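In order, the protein sequences belong to chains A, B and C. Per my numbering, the first sequence starts with residue 1, numbered consecutively. Per my numbering, the second sequence starts with residue 1001, numbered consecutively. Per my numbering, the third sequence starts with residue 2001, numbered consecutively.
Some clues are possibly wrong.
What the hints assert, rightly or not - Interface residues of chain A toward chain C, partial, derived using beta-carbon atoms under 7 Å: (1) Val59; (2) Arg118; (3) Ala161.
Said to hold, decoys possible - Think about it this way: if two alpha-carbon atoms lie no more than 20 Å apart in a straight line, the pair counts; the simulated SDA-like pairs of lysine to any residue are: (4) C:Lys2209 to A:Ile149; (5) A:Lys6 to B:Ile1190; (6) C:Lys2297 to C:Thr2795.
What the hints assert, rightly or not - For each label pair, taking beta carbons as the anchor points, the in silico distance ranges come out as: (7) C:Thr2124 to A:Thr109: 49 to 59 Å; (8) A:Phe92 to C:His2708: 15 to 25 Å; (9) A:Met113 to C:Met2096: 14 to 24 Å; (10) A:Phe92 to C:Ser2770: 42 to 52 Å; (11) B:Gln1289 to C:Gly2640: 37 to 47 Å; (12) A:Phe92 to C:Arg2709: 15 to 25 Å.
These are calculated hints, taken from the structure and not from any lab test. Model, not experiment: these values are computed from the prediction. Quick reminder that beta carbons are idealized off the backbone N, C-alpha and C, glycines included.
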Amino acid sequence: MLKLLKGIWLVFLRAFTRPVTIQYPDEKPYLPPRWRGRIILSRDPDGEERCVGCYLCSVACPVDCIALQATEDEHGRRYPAWFRINFSRCIFCGYCEEACPTYAIQLTTDFEMSEHDRRNLVYEKEDLLISGTGKYPGYNFYRVSGVRIGGKDKGEAEHEAAPVDVRSLMP
Amino acid sequence: MNEVAFRLPIIAGVLVTLLTLSALLIWLERRLLGFWQERYGPNRVGPFGLLQSVADMIKIFMKEDWVPPFADKAVFVIAPAVIIVTVLMSFAVVPFTPSIVVADLNIGLLFFLAMSSLSAYSVVLAGWASNNKYSLLGGLRASAQMLSYEVFMGLSLMGVVMLAGSFNLGDIVEAQRDLWFCIPQILGFIIFLIAGLAETKRIPFDIPEAEAELVAGFHTEYSGMKFGMFFVGEYLGIILISAMITVLFFGGWQGPWLPPAIWFSIKTFLFICLFILLRAALPRLRFDQLMAFGWKVMLPLALVNLTVTGALVLAGHPSK
Amino acid sequence: MAGIIVDDRPYQVDERENLLQACLSLGFNLPYFCWHPALGSVGACRQCAVKQFRDERDREGRLVMACMTSAADGTRISIEDPEAKTFRASVIEWMMANHPHDCPVCDEGGECHLQDMTVMTGHTYRRYRFTKRTFRNQNLGPFITHEMNRCIQCYRCVRLYRNYAGGRDFDAFGSRNHVYFGRHEDGTLENEFSGNLIEVCPTGVFDDKTLMPHYTRKWDLQTAPSVCAHCSLGCNTIAGERYGTLRRILNRYHSEVNGYFLCDRGRFGYGFVNNERRIRRPIFRSNRHDQTIPMDKDMILRELGSLLADKPSRIIGIGSPRASLESNFALRELVGPERFSLGLSARDAGLNSLILDILRRGPASSASIHDVEQADAVLVLGEDPVNTAPRLALAVRQSVRQQPMQLVDKLDIPRWHDAAVREATHAQPGPLFIAAPHSSWFADIATETYHGAPDDLAALGFAVAHELDHASPTATPSPTIRSLAERIAAALRQAARPVILSGTACKSEAVIQSAANVAWALCKIGTPAKLCYCLPESNSLGLAILGGKNLEDAFSVVKNGAADTVLILENDLYRRADTLSVDTFLKTASKVIILDHLEHDTTAKADVLLPAGTFAESDGTLVNSEGRAQRFYQVFPVEGDIQESWRWIRDLAVASEHPGQSNMAAWNRLDDVVAALANAIPAFQRLAEVAPPETFRIVGQKVPRQTHRFTGRTAMHAPLIMHEPKPVEDADSPLAFSMEGYLGQPPSPLITHYWSPRWNSVQALNKFQSDVGGPLRHEMPGVRLIESSDKRTVTYFSEAPQLFQIRDDGWLILPWYQIFGSEELSARASVMAERIPEPALMLHPEDAATLRFKADEQAEFMLDNKSHRVPVKLNAAVPRGTAALTIVSGFTDAVLPTWSPLIRVPEP
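Using the sequences provided together with the hints, build the complete structure.
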């Protein structure tokens, strides 16, 4: 009982402390870089799309608001033919970013994206793709992975030996 | 006939004031909750956000007034009206000042108790008519809760009646000229305060609409102004219980220097604030806790209070 | 049964199995790579290590490979032993040392056995810091991708491709950690079963190239159990869809039919569903001079309703052997049995009903593919299964291993011990006799091969039957045929489970009859021989059971004016009869209404074209060549007016107020049609038992077509409609177009995909079998509609044909079927273009010499009243006096075999 009263008293005392509210939009808040706001697709340091269309973001998405179609260019590089996020469904949980093996999908500090029409919240690849590397400079998936793409042959990725000559009998 | 004509301005004045106040309470509650939670509360519409109530009213009037196709239409519409009517009727017997009272009944207290019992119908009917499991559960909870808490609500006031020797609220206020009943009837006051909280379905006794479990309880299906009427009914209830506490335990309009109306308002306002503070500070009870608390703690306490007061009154007046 | 002890608990297992198979059957999660239920054990990967103890006092134990150890009575092992677990984790770590970091761009990801096993053993962190070995890839043709970096050297691919499927152009090369699996040079994998590499490879070395352009992960495919529509065997498949297009076909295990494998035609022929020339809207023209115009469904039904209502007796219906039983029956109900034609020429319909008659009348029952696999002697008579029923050819390849297995058993080698079994038996394959007009590489395992014209083959059959039972009639065969017949008869007589394989490929009644005589003669002498007939299409036998008029009857009815409105169901008549008759027929009929899903020569002449659903867009029942009725299920809901043919016919019946005998207006679900069919025709009495009815529920739920992790639900339709549409209700089956529903194991016809916790790859199939490699749990294997007669008396066919006589004025042109290109639907898959050969005529070199033909020179011949020119190929296997014409690109077998002169076209 006393504890109840003490609790009520403590709450009452809060009336005399300074509110922590930031008066947005008059006052802009500081958002940390890991803020989970609007989602973007980044590019690797060579300026190519980072997304390889692996579908891991879409399967990680708890509200299933990511849909895409993977395809491959003539040299074997995978990329999304189209990529769509329905932000009217997105809950900004950041699981897609966690799941992304190529740092392609990233959440940014932008959260000011209200619209009058829900359809305007459906973002296609052109709306999502930015021209930089986002939060993770330097990483290039295809430099690490063993597949061959245009401009990178077998054995040219990091920690790769030159391709085996199958016809050689040398030990 | 003259009597009625004389009362009309008072009736009108009371009605207008109450409805305005209950609207303002929306702002007040949110604002106070804000302060107690280290934030501002509504501060954008008008000075200090005072016009928030106006904005809310405009919004609520503009909303689609929707009656679910599966609901019992007539009852569904009547239910919210019942709560407003019963609460407003209760105000008829409240003596705001010696001169401002709508109906100076000699059974004023009983009338108040009767009206507040009737408001249980509103909730039960709303829950029933909505034809929705959450609403029905809310209605059931509300009826059980209000029935249980009314028992000792009435009992807790009998001490006051004994001390004042009258059911007339004006007489009760007059009887506190020397000593407010909150001192001799401290137990009665606490019991009435708790019962009042339960009667208005305020936190920590808001289980009939417990949104965490019942969506919104008995008013799940309500929207627009019908929902608004439940809202207004709740705020009117707060004002009513606060006013009754003032009248019954804190000497009503009485006080030095200031005019009676001001004293009455100050005291009532403080209790309204207390209600809001409790909401800011306390968690919701579980239903079984609520019932156990009512029947196992509050009812015996009320009976003890009644017995002790009666004994003391008898002891103080051996001649009678 | 044998009692074994696993981690101190006793279990009963089959002592003929190895420990790995036994442990998996018991439900343990024991990792493995190289073992496969159909391929046996070689102990190559060292992944299934367990600790074996001598007895209960033995606390030391020793590591053994579970797949190489018999589940002998009293075996005591531990899977959870720390040393065994560490060993398995180390093995995975070694395998992963060179595995590239490319799961995100690997098609196997999400259904990868290597991923599953890596997680299962607990290897999570890479310690290897040195350079990774890399390989160059090969272009293996239009079906299969190759990414050798991912290889873990389990050898499953070579064992499947070379040992199981008999392929020659694929092998393991190199040595030590440089072992390379591929061809000797870039090029298309020639084997007809190369697609199985995709499922057999535990990781992403071989993947489906046809899936790649519209790549979708396993969890995103909406899948339904289906039945292959590309030949008469009725292999069970799982068809997967995403965003409204069909994406891939996987094998659906059926212990009696296709087992673990499919042929490439069945696996990659699905592309016709996505063909640009699909009919997607009803098309109409009021008279022949007008252009056709698209019309919506309601309008066209009103139009046709009044047309059909006017003259119900002047309509004839033409069914199709590639449409479901239900659709054919609906048409038969609409027009009445006397006006229902099977859509087959008298000859083709006759061949089918002859086969039906043989299977019903005689003592030899029809053989399932499994029966063929288990046969210890096979006689192929006048059929080319590699090209007409490819999966059967794979089964025949396994049958030659059956007889040598007696030796294996005598040597006390366990049958699962693949390397030892092959070592013991590879020198002498079991008896397989192939007698056909010409044969493919497949003849390499044959004990003897005989090439002859159809009449000679029939003569051989009659002679064999006569050798077995002298009561059976014989013609007067040539000495070659007679001595061959003696050898065949001797081999068959010694067999315990012989199978006689024949079919319609020769278009010869005599061949079919002679095969029956052989089987019946064997039955008569007490050997339970089975008959296996290949039919031309997926529902040929079903249509034969249904019965109806033939195409010539329909032609004459229209010609003599008794009918003038023709309703054609999923049938290209130009593939059935000669061009002139069909042209006349379509011209004479005043209204030609065609229901089909692809545009073809006949639809070009239609007055009304109604869009029908393919196998992926409709439900129905097909009867395979064995007589087994099996249900296929709609994979995805379709937009627009496409619907099942039987629904169109029902709608027509309702619109014309002509509801037929069984009140077609009340047909709202497939089950209603099935019930009406079972009611109307006694042979189909048990049709409803083929699969669970629509009302079937497990714990009150339907079976979901989508996986429990189907993604993109709230985004895929967003540009069209912001409100996520409600899933389409499926009125026809207990499957739902949804990810919600019963997630456990449904009855076998309803298995939409193989998945089990921790088993994401196709290997999860193990969890669906109570005994790994055996029947599925809750198996409903379909209903065999034909059972052989139990009468012991045999009435042989007596009309043995005359021997083939070479003519001076012409060559007998025989059909030369192709696995890719001869079948109507799969030939329309865009990916097939690369594999369909150019038309060619195969000639015996000596015949060519008399005509002064050189290879690849153009030959002109007459076919279907038109002259054609195709290049000539020389092949000594072609019987003298005959020529074989590839049935591709416009050439059909409708008028083959036929006699035609051959003229050498001089080079310009």
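Consistency of the hints with the structure:
1. Val59: Where the cut-off is 7 Å and the nearest Cβ of chain C is about 5 Å from A:Val59, the hint holds.
2. Arg118: Status holds, d = 5 Å.
3. Ala161: Holds - the Cβ of A:Ala161 comes within 7 Å of chain C, reaching about 4 Å at its closest.
4. C:Lys2209 to A:Ile149: Status holds; Cα separation ~17 Å.
5. A:Lys6 to B:Ile1190: OK: A:Lys6 and B:Ile1190 at ~17 Å, within 20 Å.
6. C:Lys2297 to C:Thr2795: It is violated: about 54 Å lies between the C-alpha atoms, which goes past 20 Å.
7. C:Thr2124 to A:Thr109: 49 to 59 Å: Roughly 33 Å apart at Cβ, these two residues miss the hinted range, so it is violated.
8. A:Phe92 to C:His2708: 15 to 25 Å: holds, 24 Å
9. A:Met113 to C:Met2096: 14 to 24 Å: violated, 42 Å
10. A:Phe92 to C:Ser2770: 42 to 52 Å: holds, 46 Å
11. B:Gln1289 to C:Gly2640: 37 to 47 Å: violated, 60 Å
12. A:Phe92 to C:Arg2709: 15 to 25 Å: Holds, at about 21 Å.
Comparing the model with each numbered hint stated earlier shows that hints 6, 7, 9 and 11 do not hold.
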